[in-house]
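Undergrad: Protein chains in written order, with the numbering used here: chain A, 1 to 755; chain B, 756 to 1043.
Source of the hints: derived by calculation from the structure; they are not laboratory data.
Mixed in with the good hints, there may be bad ones.
[As the list claims (entries may be wrong)] Restraint-style ranges between C-beta atoms, simulated for each label pair: (1) A:Q249 to B:V857: 43 to 51 angstroms; (2) A:G167 to B:R792: 49 to 57 angstroms; (3) B:R792 to A:R584: 52 to 60 angstroms; (4) B:R792 to A:V26: 21 to 29 angstroms.
Just so you know, even glycine gets a beta-carbon here, dropped at the ideal spot from N, CA and C.
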Amino acid sequence: MALDDQKGGFKFIGTRPNRPDGLDKVTGRARFGADAHASGMLHAAILRSPHAHARIKKIDTSRAEAAKGVKAIVTRADFTQSLQPAPGMKGENWNILENVMAGDTALYDGHAVAAVAATSALAAKDALKLIEVEYEPLPHVTDVDKAMQADAPVIREGVAAGTVPKGLHPNVAGYHESGHGDVEAGFAEADLVVEDHFVTEATHQGYIEPHACLAQLGADGKGELWCCTQGHWNVQKVCAALLDLETSQLRVTASEIGGGFGGKTAVFIEPVALALSRKANRPVKLVMSRAEVFRATGPTSSTSMDVKIGMKKDGTITAAQGVFRLQGGAFPGAPADMTAMCAFAPYALKNVHQIGYDVMTNRPKQAAYRAPGSPMAAFGVESVIDELCNQLGLDPLDTRLKNASHEGTKASYGPKFQRIGLVETLEAAKAHPHYTAPLKPGQGRGISCGFWFNHGGETAVSLALSEDGTVQLAVGTPDIGGSRASMALMAAEVLGVPYDNIRVIIADTASLGYNEISHGSRVTYASGLATIKAAEDAVKKLCARAAAKWGIPEDAVKWEDGCAVPSGPNAGEFPPMPIAEITRKMGATGGPICGHFEATPEGAGVSFATHIVDSEVDPETGKTSVVRYTVVQDAGKAIHPTYVEGQFQGGAAQGIGWALNEEYIYGEDGRLQNPLFLDYRIPVASDLPMIDTVIVEVPNPGHPYGVRGVGETSICPPLAAIANAVSAAAGVRMRQLPMSPPRILEALEKQAGDG
Amino acid sequence: MRYHTPDNFDEASALAAQASGTTRFLAGGTDVLVQLRSDIVTPDDLIDIKHIPGVREITNEDHGGWRIGVAVSGAEMTEHPRLELDWPGVVEAMDLIGSTQVQGRATLVGNLCNGSPAADAVPALAAAGAHVTVVGPNGSREIAVEDVPTGPGKTCLEKGEVISALHLPRRGHAAGDAYLRFIPRTEMDIAVVGAAINLRLDGDTITEARVALGAVAPTVRLVPKAGAALIGSTLDEAALDKLARAARAACNPIDDRRGTIKFRTKVAGVLAQRAAKIAYARAKGDRK
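Turn these sequences into a full structure, and let the hints steer you where they fit.
TA: What follows is the structure, given as structure tokens:
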């Protein structure tokens, strides 16, 4: 639902051309991580700990080294010795190294302890069986609440950041507290206070392409790395630190990417492949299996949460407080601060208080997953609001509208909101036919709001014109959601050239300045802004060439529809000079024409969404189906509406999996029980309804065209919206995710027993 | 690894009898090749029985039953013009296994010999009263399907024995079968509970009934008491209630990542009732 009054003036923005990488992807020509190949290349495999927690007493690689085809074996000794652990996030490179290759202790089931490079993948795998590791198993803990108890085994001493209050278990690595007003006074004003406890399990990003790379590193310290990543400058920086390289001597090229969702913002196998290559003096290819992806790359945090909200009979929220405990694996960094800050952001509250705990356990290091930390917070908060509305007989959308944050609201996490679009999404949801459609018996409807900050970040873009007037655009943010199409549209808009005349590439680390990872829903915002500025830079130079030709001042020339034209009647009378006419002669009129832009844009507008879900529950088996789903989200301005809708639908689809069936299941032995897609159940196509989308456009003042990031906010409301729908359909409040059939049957039986 | 392509079952049996290490028969390969690639089982001898004449054929036997070759795929069963008219429950059970791609390869006998308690085709075959012909070093023998699995991943087949064909009995009149499984998703999953019912009517009254359950015990289990609960009834509420209780009493499941003991036991009763209603309707001539 684009707002008509904002559509005017755009020729390319808001259209839906085919994506430039489409043909490559549907024909199999696109080169993903595992498609890289080099002559003389070796294949690598990683040996992983079978223990949740164990001291590594000895690693004997002698038999493996003697095996046929084996060219190199690395352990922790083959990485830098100069990094040191430090409290909180200060020692992050040491944390990454410790995760990439275990030191004296294996910290989780699947933790890497050694790696082999051999002449074939099979030879490498066979050689792993010949490496003898002597482990001394240690007590382990995988549950967040148990990890905070006094008797829990300590993962690592001295990790707690300075902000962590004294007296907490050493596994508490981080602490966040914020809010304003007086919550106790607020609860006293309420007609009804609901307090409840919620639990969510860790879920994996579930990208279809496993991590893969091809590494080449010589004794001269010069390296080349091809890998599947959301941010190759980050890979370059981290690998340089872990292997004592000069950053610029390692050139990193990002492959096509088969899904990331935040999980490919981290570094796992690239330093290992580089270390093996340096030792073997041959290129080394390393591809993870699906089981390795599950065991050793980042799932999101599991959580334990307490939420308390007070409400008046008319729906006014008088106070809200939340305690959010996030399990982040064997390292600090779980986004407990994000969870706490996002929890109550949709609401204008006088009294609000939130606490977040970042807790370590014997599990893989959590990694970012779409709006890290926010979806779980929404599950707790929006479930309590739903319960309050049920008990007070209030309409859930009207109640949210009554309390909604708007421009000027002091956010629950501190600052004042600028122009935001929450009210618009709620109004659009209310107007949508879904909200008033009748439900069948056994069905329930749930709604939820969701919030994410969005991000800007370091960005560099370069644009070069060819002599025929076509355009080459180099950006540094891997394309994880159709961004090459969006960049081409924005460049086309500024330059006035057809979309098809622009070739967009993801440049390697040697070709552009530093680009932060494709994360924080930042690409269309920040790389888009930089693309617009780079194109404007080129336009300025094009105008200067025309001015020189016409013999008039540069500021007397403007750019219109792909042509230089005199800026007004006083500038003189000249026919429009098309771009191709200028570029054809550019070698003789001053040389190549390029535009570029480098900055750290800070105007990423925050984004809100409202989701409506209908679900149906089979009371005899506890099986749930989602029968109707509508996403309403503020995109600021949809550059390519099809890919905006794709992000909306993707967030909802992943949210459905997270809410209903996906979970990391650990046994008593601390080992992951379901490291394959067979028993880690992401939704299959037939599990999903058609997911309807409504694009709300409340322009972001921080972007020339009003863009807000859309990739993450879409996964914030689903957990709560689905839980509210399932609770309504089943007639019992579901407080634990996933709402798998056994859990629903259990809840129904418990309720029947209580009744 | 040695790869063999015998021309007949006697040769296949002899190869297996002589083999000293890990031996696997290969038909569709949807279990064997997956285990090989995931480093779970690496056979020393892999005996490919797909090239033996007749293994891809579905034939009507003299007495009116069906003979299904050991390399007939699920897709070939589903697309057969007459098999589903006789045994809709067996065909729908096989059709639930895996994806479209897997359906092009997976076989009934492979599903049986994999020995999984959760095998979808096996409860339907057991309820149908199917049996297999086994060729071995000491000649051949016939075994009822429900007697083949002896534990998770285990069968009663002895060293050198290989199944050469599967036989479904003559359907006869006023009869119907059905299979239902519970999975948390809509497809491409492993049964958390499976229930198969095969029954015959005289008028509205059930005269014969066989009930088999999957994923609720170490093996697929034929439950005679559950069958007996239906015989003589018109599938009224009392009979359905007795059926559910008998089915639940036969359950001896485990708690694992796919389901709990409590959940499996409860749902076994629910699915048995629902499958019985479908089989009953089919026996009455409903072919929807």
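Undergrad: Tell me the numbers of any earlier hints that the structure contravenes, in ascending order.
TA: No numbers; nothing is violated.
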